[in-house]
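Sequence order for the protein chains is A and B. Its first residue numbered 1, the first sequence is counted upward by one per residue in the numbering used here. Its first residue numbered 1, the second sequence is counted upward by one per residue in the numbering used here.
Rather than coming from a laboratory, the hints here were simulated on the basis of the structure. Computed from a predicted model, the values in this text were never measured in an experiment. Each hint should be verified, as a subset may be incorrect.
Calculated cross-link-like contacts (lysine-lysine; reagent style PhoX-like; alpha-carbon spacing at most 25 Å) [stated by the list, open to error]: (1) Lys-384(B) with Lys-301(B); (2) Lys-22(A) with Lys-301(B); (3) Lys-2(B) with Lys-91(A); (4) Lys-14(A) with Lys-2(B); (5) Lys-14(A) with Lys-384(B); (6) Lys-252(B) with Lys-384(B); (7) Lys-301(B) with Lys-91(A); (8) Lys-384(B) with Lys-12(A); (9) Lys-12(A) with Lys-301(B).
If you want the footprint, here are the derived chain A segments under chain B, 3+ residues with CB under 8 Å [as the list claims (entries may be wrong)]: (10) 66-80; (11) 138-152; (12) 160-167; (13) 220-226; (14) 234-240.
Virtual Cβ for every residue (Gly too), placed ideally from N, Cα, C.
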Amino acid sequence: MILLENLHKTFKAKGGPVHAVKGVGFEARDGEITGLLGPNGAGKTTTLRMLYTLMSPDQGRIEVDGIDVARDPPAVRRRLGVLPDARGIYKRLTARENVEYFGRLHGLDDATIAARIDRLAEALNMRDFLDRRTEGFSQGQRTKTAIARALVHDPKNVILDEPTNGLDVMTTRGLRGFLRDLRSQGRCVIFSSHIMQEVAALCDRIVVIAYGEVRAVGTPDELREQTGLADLEDVFVRLADLEGAEA
Amino acid sequence: MKTVWIVARKELVDMFRDRRTMLISLLMGPLLVPVMLLGIGSMVESRMRTQMESTLELPVIGTEHAPNLVAFLEERNIRTVPGPDDPDATVRQQEADVILRISPEFGDQWRESRPARVELIHDSSRQDSQIPVSRLMTVLAEYSGSVGMLRGISRGVSPEAGFAVQVARRDVATPESRRAMALAFLPYLLVFFSFLGGAHLAMDATAGERERQSLEPLLATPARRAAIMSGKILGACLFGAMSLVLMLVAFKLSFQFAPGSLRMINVSTPVMAMLLVVLLPMVLIGTSLLTLISASVKSMKEAQGYMTVLMLVPMVPTMVLMLNPVKDALWQFAVPFLAQSQMIMKLVRGEVVSPLEWTVYMGAGLGAGLLLWFLASRMYLREKLAVSA
Numbered sequence: 001m002i003l004l005e006n007l008h009k010t011f012k013a014k015g016g017p018v019h020a021v022k023g024v025g026f027e028a029r030d031g032e033i034t035g036l037l038g039p040n041g042a043g044k045t046t047t048l049r050m051l052y053t054l055m056s057p058d059q060g061r062i063e064v065d066g067i068d069v070a071r072d073p074p075a076v077r078r079r080l081g082v083l084p085d086a087r088g089i090y091k092r093l094t095a096r097e098n099v100e101y102f103g104r105l106h107g108l109d110d111a112t113i114a115a116r117i118d119r120l121a122e123a124l125n126m127r128d129f130l131d132r133r134t135e136g137f138s139q140g141q142r143t144k145t146a147i148a149r150a151l152v153h154d155p156k157n158v159i160l161d162e163p164t165n166g167l168d169v170m171t172t173r174g175l176r177g178f179l180r181d182l183r184s185q186g187r188c189v190i191f192s193s194h195i196m197q198e199v200a201a202l203c204d205r206i207v208v209i210a211y212g213e214v215r216a217v218g219t220p221d222e223l224r225e226q227t228g229l230a231d232l233e234d235v236f237v238r239l240a241d242l243e244g245a246e247a
Numbered sequence: 001m002k003t004v005w006i007v008a009r010k011e012l013v014d015m016f017r018d019r020r021t022m023l024i025s026l027l028m029g030p031l032l033v034p035v036m037l038l039g040i041g042s043m044v045e046s047r048m049r050t051q052m053e054s055t056l057e058l059p060v061i062g063t064e065h066a067p068n069l070v071a072f073l074e075e076r077n078i079r080t081v082p083g084p085d086d087p088d089a090t091v092r093q094q095e096a097d098v099i100l101r102i103s104p105e106f107g108d109q110w111r112e113s114r115p116a117r118v119e120l121i122h123d124s125s126r127q128d129s130q131i132p133v134s135r136l137m138t139v140l141a142e143y144s145g146s147v148g149m150l151r152g153i154s155r156g157v158s159p160e161a162g163f164a165v166q167v168a169r170r171d172v173a174t175p176e177s178r179r180a181m182a183l184a185f186l187p188y189l190l191v192f193f194s195f196l197g198g199a200h201l202a203m204d205a206t207a208g209e210r211e212r213q214s215l216e217p218l219l220a221t222p223a224r225r226a227a228i229m230s231g232k233i234l235g236a237c238l239f240g241a242m243s244l245v246l247m248l249v250a251f252k253l254s255f256q257f258a259p260g261s262l263r264m265i266n267v268s269t270p271v272m273a274m275l276l277v278v279l280l281p282m283v284l285i286g287t288s289l290l291t292l293i294s295a296s297v298k299s300m301k302e303a304q305g306y307m308t309v310l311m312l313v314p315m316v317p318t319m320v321l322m323l324n325p326v327k328d329a330l331w332q333f334a335v336p337f338l339a340q341s342q343m344i345m346k347l348v349r350g351e352v353v354s355p356l357e358w359t360v361y362m363g364a365g366l367g368a369g370l371l372l373w374f375l376a377s378r379m380y381l382r383e384k385l386a387v388s389a
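Using the sequences and the accompanying hints, generate a full structural model.
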């Protein structure tokens, strides 16, 4: 269960301050996949970074399972499995060693780590490259390794920042199945993307973000109804107010 | 604490798998330094020996004015050759170390028992000419003295009346300290390698990791940032210490098998162990400083830009001491780089370091390292660090 309330974040930049996030707030429930949908530069990544305590908001409040993020960041990080926008893995370690390293940093013992890796490798279908050094991995293999690394501590809440970026059709399908499994296990999954179809295929609820603000929240059907449009892409373009940007 | 060790171990594994980089950072120094030390050292020695003992070839202008003096020089293993027309230019062009000019009045002045004039032309800024000049000066003084004495005797004056002061020299240089003179650059090399031995790992673990985009997920784990950073510093320190140990071993072996008197340098195991202790604070200072720099710059490239300056830093005290030697004082043991130079010189010269000096030294060295560590950990807490460009 994740709760965000009225988040604001401003960055200093050369051409004056950039107000990247302006009052974003939504709720992500357990046993649901919440999609964060928005064009590039809408403030998705910044919002998620505040959620996983990498940045502190200028204003606003975040709660994870009832714990205030500002009060106890390590406890919050323990409850989150994070696949950040930056997902570099160590290329001189094997995929297994990459995951083990993070497991140890989470304070897990070796037996638990081995069991978790076993389960994740099965679920993510990464058996044949698990013990290879990650140098030369394909994008899909790298992403799977990064996801396994993010989930090794069996977190209740899972945050994935554009997980399907650069993946082919079959890998994306496999990943969708994996996320549905996470949902059926009762976890709270937040998933960000800039592709409407992607979000619609998977999410129970969609939060549309544009220009640092929440534009709409609802199920795909609710959003269709709200705009009176049938095509999901049109719905997204209308809600995110992108028609002006297109021209 | 556990986190620190987990991170340090991962960094070392990562480093050791990068075979080529590892070999360069770990073995280059230990292989190169002995060659340099021994090469330069034996060059200096053999040069000194040939200059002291071989026949000195001396260009002399106006040989005909003082045949006695020339004969005396020949007796003292100095062979005269006809001098050039323009002695100043010849010396300046380094074609001769020293030239003797005997003035045409020499004969007349000699016969009238007045001080007869000779002139030495040399370049005092050239190290190389020091030995020939002093050799010639000594021989001339000897000649002047013995002739003066004979003149006194012929006039019925006691020869001793001519010497108001008798100077006796006593050189207190121990064999070790004389060797150490030839090894003036030794502290620089040792300080340099301990200061920057872990540099590559330290920079790669922070600036490199950020560039490869793996710092953000790392900082999203529950591990405390200060602990993660300390682990990286510890890893770099262990690597630096390893390279330092290899260096000292190489150093010990090469001096044991060195030719001639270089073998006299004290490379006994206790001295080597003390050198290791002396240099460990330097390893901490170097890796903490580089971690601090890496955490505050935008890219690996920018961090590497600082390396050029850092390479020069250990040279400063050596240069200052060369130009302006200062007496041993306690404060020197508290100044980073200068302190290391002093301690290394004291140890290889076989001098005793007092407990007070040890305390001040270790206190100041570790203190500086911890201060840098603290500053680096402040840098690690910045929001900007995690967000890759």
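Right, here's what the structure says about each hint:
Straight-line distance between C-alpha atoms of Lys-384(B) and Lys-301(B) comes to about 18 Å, which keeps the hinted pair within the 25 Å bound. The suggested pairing of Lys-22(A) with Lys-301(B) is violated, with an alpha-carbon distance near 35 Å, which exceeds 25 Å. A C-alpha spacing of about 24 Å is found between Lys-2(B) and Lys-91(A), which places the hinted pair at or below 25 Å, so the restraint holds. Note on Lys-14(A) and Lys-2(B): the hinted pairing is violated, with a Cα-Cα distance of about 41 Å set against a maximum of 25 Å.
At most 25 Å may separate the alpha-carbon atoms for a hinted pair to count; Lys-14(A) and Lys-384(B) meet this at roughly 15 Å. For the proposed pair Lys-252(B) and Lys-384(B), the alpha carbon gap of about 46 Å is over 25 Å, so the pair is violated. A hinted pair counts as satisfied when its Cα atoms are at most 25 Å apart, and Lys-301(B) with Lys-91(A) qualifies at roughly 20 Å. A C-alpha spacing of about 11 Å is found between Lys-384(B) and Lys-12(A), which places the hinted pair at or below 25 Å, so the restraint holds.
As the CA atoms of Lys-12(A) and Lys-301(B) are separated by approximately 23 Å, the hinted pair is consistent with the 25 Å bound. With 5 residues having a Cβ less than 8 Å from any Cβ of chain B, the segment 66-80 of chain A passes the three-residue criterion, so the hint holds. Check on the segment 138-152 of chain A: 3 of its residues sit with their Cβ under 8 Å from a Cβ of chain B, so the three-residue criterion for coverage holds. Coverage of the segment 160-167 of chain A by chain B is violated. Counting CB-CB distances below 8 Å, 0 residues qualify, and the rule asks for three or more.
Evaluation of the coverage hint for the segment 220-226 of chain A: breached, as 0 residues show C-beta separations to chain B shorter than 8 Å, against a requirement of three. With 0 residues having a Cβ less than 8 Å from any Cβ of chain B, the segment 234-240 of chain A misses the three-residue criterion, and the hint is violated.
Checked against the numbered hints above, the structure violates hints 2, 4, 6, 12, 13, 14; every other hint is satisfied.
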